[in-house]
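Colleague: Okay, here's what each chain looks like letter by letter:
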Amino acid sequence: NAGVTQTPKFQVLKTGQSMTLQCAQDMNHNSMYWYRQDPGMGLRLIYYSASEGTTDKGEVPNGYNVSRLNKREFSLRLESAAPSQTSVYFCASSGHQTSTSNQPQHFGDGTRLSIL
Amino acid sequence: GNSVTQMEGPVTLSEEAFLTINCTYTATGYPSLFWYVQYPGEGLQLLLKATKADDKGSNKGFEATYRKETTSFHLEKGSVQVSDSAVYFCALSANYKLSFGAGTTVTVRA
Numbered sequence: 001n002a003g004v005t006q007t008p009k010f011q012v013l014k015t016g017q018s019m020t021l022q023c024a025q026d027m028n029h030n031s032m033y034w035y036r037q038d039p040g041m042g043l044r045l046i047y048y049s050a051s052e053g054t055t056d057k058g059e060v061p062n063g064y065n066v067s068r069l070n071k072r073e074f075s076l077r078l079e080s081a082a083p084s085q086t087s088v089y090f091c092a093s094s095g096h097q098t099s100t101s102n103q104p105q106h107f108g109d110g111t112r113l114s115i116l
Numbered sequence: 001g002n003s004v005t006q007m008e009g010p011v012t013l014s015e016e017a018f019l020t021i022n023c024t025y026t027a028t029g030y031p032s033l034f035w036y037v038q039y040p041g042e043g044l045q046l047l048l049k050a051t052k053a054d055d056k057g058s059n060k061g062f063e064a065t066y067r068k069e070t071t072s073f074h075l076e077k078g079s080v081q082v083s084d085s086a087v088y089f090c091a092l093s094a095n096y097k098l099s100f101g102a103g104t105t106v107t108v109r110a
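Protein chains in written order, with the working numbering: chain G, 1 to 116; chain C, 1 to 110.
Quick caveat, the hints were computed from the structure, so don't treat them as lab data. Model, not experiment: these values are computed from the prediction. Incorrect hints may appear among the rest.
Unchecked claim - No more than 30 Å apart at the CA atoms, straight line, and that leaves these computed lysine-lysine pairs for BS3-like:
#, chain 1, residue 1, chain 2, residue 2
1, C, K60, G, K57
2, G, K57, G, K9
3, G, K71, C, K56
4, C, K97, G, K57
Given the sequences, and given the hints that come with them, work out the whole structure.
Modeller: In structure tokens form, the structure reads like this:
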């Protein structure tokens with residue numbers, strides 16, 4: 001049962017470098033999400049994709065871009081990494097959301113990213 | 001906007017003690033409420049959910065009741081085990097997105 005798979009699990013970057021975090025899900029879910037987790041702040045939504053072909057900004061989108069490559073894959077790109085982007089990044093997916101049906105999200109194990 | 005407030009930790013308990021983690025929310029419309037658990041080095045796992053007022057979610061001995069009148073969704077377990085040591089997140093789902101509380105770290109001692 002793979003569920004949501006994130007790669008890499010760990011990464012160290014220098015300030016100004018670029019990087020793409022990969023996420024894939026095998027549950028045929030329509031919606032996918034990227035979060036960052038920082039101590040004492042819970043999870044904050046960076047970007048989400050409600051369905052294939054659409055992406056929208058979340059709470060903290062600055063400094064990031066995303067691509068919904070197909071229904072399975074949703075990548076997160078840091079174009080010019082900054083120390084403030086040091087965090088643990090989680091990808092999640094869920095079934096189709098509607099205004100009256102809020103499906104639970106399934107999470108990957110995270111990518112621990114350090115920016116020096 | 002939507003927000004979730006949960007009790008600050010850390011919480012340290014002895015095995016077989018009673019656990020309560022308070023969670024209150026602010027939302028418009030009819031949100032669904034969730035508790036997620038995160039074990040060390042892992043992602044979040046859904047622990048339980050409730051989709052409407054007065055619903056009780058339960059799983060692995062944990063329970064939480066959706067109280068619309070007090071806008072609360074407190075998590076309880078009657079007898080904790082060492083294996084329940086984790087970070088617990090209360091979350092609200094509305095308008096296609098999840099809003100999380102800051103998380104409560106729970107440590108259970110043998």
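Colleague: If a hint holds in the structure, say so; if it doesn't, say that too.
Modeller: Tested hints:
1. K60/C - K57/G: violated (35 Å)
2. K57/G - K9/G: holds (24 Å)
3. K71/G - K56/C: Violated, at about 33 Å.
4. K97/C - K57/G: holds (11 Å)
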